[in-house]
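Trainee: One letter stands for each residue in the lines below.
2 protein chains.
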Amino acid sequence: MTSDATPVEPLSRMRVVLVRTSHPGNIGAAARAMWTMGLDDLVLVAPHRFPDPDASARATGAAHLLLRARVVSALDDALAGCAWTIGASARPREFAGRVLDVRDAAREAMKRSSTGTIAWVFGTEMSGLSNEELARCACVATIPGNPRYASLNLAAAVQVAAYELRMAAGERDVWSAPRFTPATHDAIEGLHAHAARTLAALHFLDPARPRRLMPRLRRLFARAGLEQEEVNILRGILARIDDVLRRTR
Amino acid sequence: MTSDATPVEPLSRMRVVLVRTSHPGNIGAAARAMWTMGLDDLVLVAPHRFPDPDASARATGAAHLLLRARVVSALDDALAGCAWTIGASARPREFAGRVLDVRDAAREAMKRSSTGTIAWVFGTEMSGLSNEELARCACVATIPGNPRYASLNLAAAVQVAAYELRMAAGERDVWSAPRFTPATHDAIEGLHAHAARTLAALHFLDPARPRRLMPRLRRLFARAGLEQEEVNILRGILARIDDVLRRTR
Chain A
30 MTSDATPVEP LSRMRVVLVR TSHPGNIGAA ARAMWTMGLD DLVLVAPHRF PDPDASARAT
90 GAAHLLLRAR VVSALDDALA GCAWTIGASA RPREFAGRVL DVRDAAREAM KRSSTGTIAW
150 VFGTEMSGLS NEELARCACV ATIPGNPRYA SLNLAAAVQV AAYELRMAAG ERDVWSAPRF
210 TPATHDAIEG LHAHAARTLA ALHFLDPARP RRLMPRLRRL FARAGLEQEE VNILRGILAR
270 IDDVLRRTR
Chain B
30 MTSDATPVEP LSRMRVVLVR TSHPGNIGAA ARAMWTMGLD DLVLVAPHRF PDPDASARAT
90 GAAHLLLRAR VVSALDDALA GCAWTIGASA RPREFAGRVL DVRDAAREAM KRSSTGTIAW
150 VFGTEMSGLS NEELARCACV ATIPGNPRYA SLNLAAAVQV AAYELRMAAG ERDVWSAPRF
210 TPATHDAIEG LHAHAARTLA ALHFLDPARP RRLMPRLRRL FARAGLEQEE VNILRGILAR
270 IDDVLRRTR
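Keeping their order, the protein sequence lines are chains A and B.
Each residue of the first sequence is one higher than the one before, starting from 30 at the first, in this note's numbering.
Each residue of the second sequence is one higher than the one before, starting from 30 at the first, in this note's numbering.
Any given hint could turn out to be false.
Far from chain B, by Cβ distances over 10 Å, these chain A residues were calculated [stated by the list, open to error]:
#1 H77
#2 S85
#3 L96
#4 S156
#5 E161
Ranges of calculated distance between the beta carbons of each label pair, as one might list FRET restraints [said to hold, decoys possible]:
#6 S102(B) to M155(A): 35 to 45 Å
#7 A103(A) to Y178(B): 26 to 36 Å
#8 H77(B) to T144(A): 40 to 50 Å
#9 P82(B) to Y178(A): 15 to 25 Å
#10 R238(B) to R241(A): 33 to 43 Å
#11 S102(B) to R245(A): 29 to 39 Å
#12 R252(A) to G219(B): 17 to 27 Å
Since the hints were derived computationally from the structure, they do not count as laboratory data.
Please read all numbers here as calculations on a predicted model, not as lab measurements.
A virtual CB, placed ideally from N, CA and C, is assigned to each residue, including glycine.
Using the sequences and the hints, build the whole thing.
Mentor: Have a look at this one:
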C-alpha cells in the first residue's frame, strides 16, 4: 500500500531490452508503457528503424526515454554487467532453464535488484526471442494468456511486465476516497425510528403487521455504513414527506 | 500459469466497454489485448470511427471480436443488465465511492461473475471517463502507476485489466454464491431517475440547483451494493410518496 517510505529505487534498476524490433511505433509505445510504471532504462538491440517519427509519436509523454535509449548491435552488449536477466516468451521453447510467470519473475527481480541491474528482454513482434537469445537469459518469464491466441503486442507485453514490477515494488498507489464522518449509533437509530414513523404515516408500513420491511432497510444501510451527512440527507427527505402528509390531513 | 484446468468460463462474463474512443487503431489493439487473455465481449459507445481499417489492422488475430462488437450510442445501453460495473480511472476525480486497484477489482469481479455480466468501462484516450460516466459505475478501478506520468495507452490499460482478470480466474478462490440477487445496472438507474423525480416533486431537490444531492445518494447506494428486492422496496416507497403528492394537487 501507499507510503512515502516505499522504495521506488529498485524500479530504476530494471532495464528493458528490445531485440530487433521491426516497427518503431512499438518502440515508442514500449517506452510509454515503461514510463507509466516508473521504468526508464531502455536498450535497443539492432532496431530496424530508430530513431523514427513513429517511435516519438507513440511515446507521447515518455519521449525522454527514447532520447536516453542506448542502441547496441548485439544482445550481449545490452546485458553486459547485469545481475540477472529474464527473457520474455509467450510459450516455453527449447529452454532448459527456469520458467516463471511474469508475476513471480517480477517478485524475484525486485529481490535481486539489490545486487545490480535486472534486464527484461523482449524479442521481435513476429517471432519473439530466438532459442540462442533465450539461452543467454537466466530465466524465462511468460505472461499467462489465452491458449488459443497468446500473441500480445510487444508494447502490451512490456506494459504487463512493467506493471508487475511496480506492483512487486509495493507501489500499489490507490487514491482513496475522501474520508467522511461515520454516523453514530444513536444517529442511525434515530433515522430508523423516523423512517418507521414516516413509512407508517405513508401507509407503506403497517405497524401491526410490519413484516420484514424495517429489517431489510436496516440491513441495506448497515451494509453501506452510513455517514453523518447521509443520515442528515435521509432525515431531511423524511421531514419533507412529513410536511406533505400534515398538509393532506 | 495457463493450463486446461483453468476455469475460463467466468472470463466470458467480462465485458469491455470503450466510451467515445477517438482512434480506431486503439479499438483494434484493445480487442487484441482482450483476446490474448480470453475475453471476447466488446461494446463500443459512440466510437468516432468504426468499423475502420485501422481497427482491423491492429486487432490482428482478434478480428472476430470486432465483427461481434456491439455499437451503442449511450453508456447505459452498454451497461444494461450488468450485475456489476467498474470504471477505469487513472487519477482522482469527483468520485467518492469505492476505489480499488485493478488487482483487487479483478478478484472481486471474478467472484461477482456468478451473478451475471461484469462491465469494465474505459473512457477516451485524452480525458478518460467523465465524472457523470464514472458516477454510473459501481466502483472505480485504478492501475497503480508512476505519479509523474500515469497515462497508459487505452489498449495497454485494457491489457493490464484483462491480464489481471485471467490471473484472478486462475486463483480459484473458494467463495459462496450470494444469497440475494443483485440489482442490475438499469434497475439501479431506474431507481435514481425515480428518486430524482419524486425528490423534485417534494421540493427537496431543486433541478435547477441540484447541488450534490443525487451524487451523494448514488454514492451511498453504490457502497451498499443494491439487491433487486431492495430496489423494489425503495421504488415502492417512492410510488407511495407520488400517490400522496398527487392527492395534494
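Trainee: Hint by hint, work out which the structure violates, then give me just those numbers in ascending order.
Mentor: When the structure is compared with the hints, none of them turns out to be violated.
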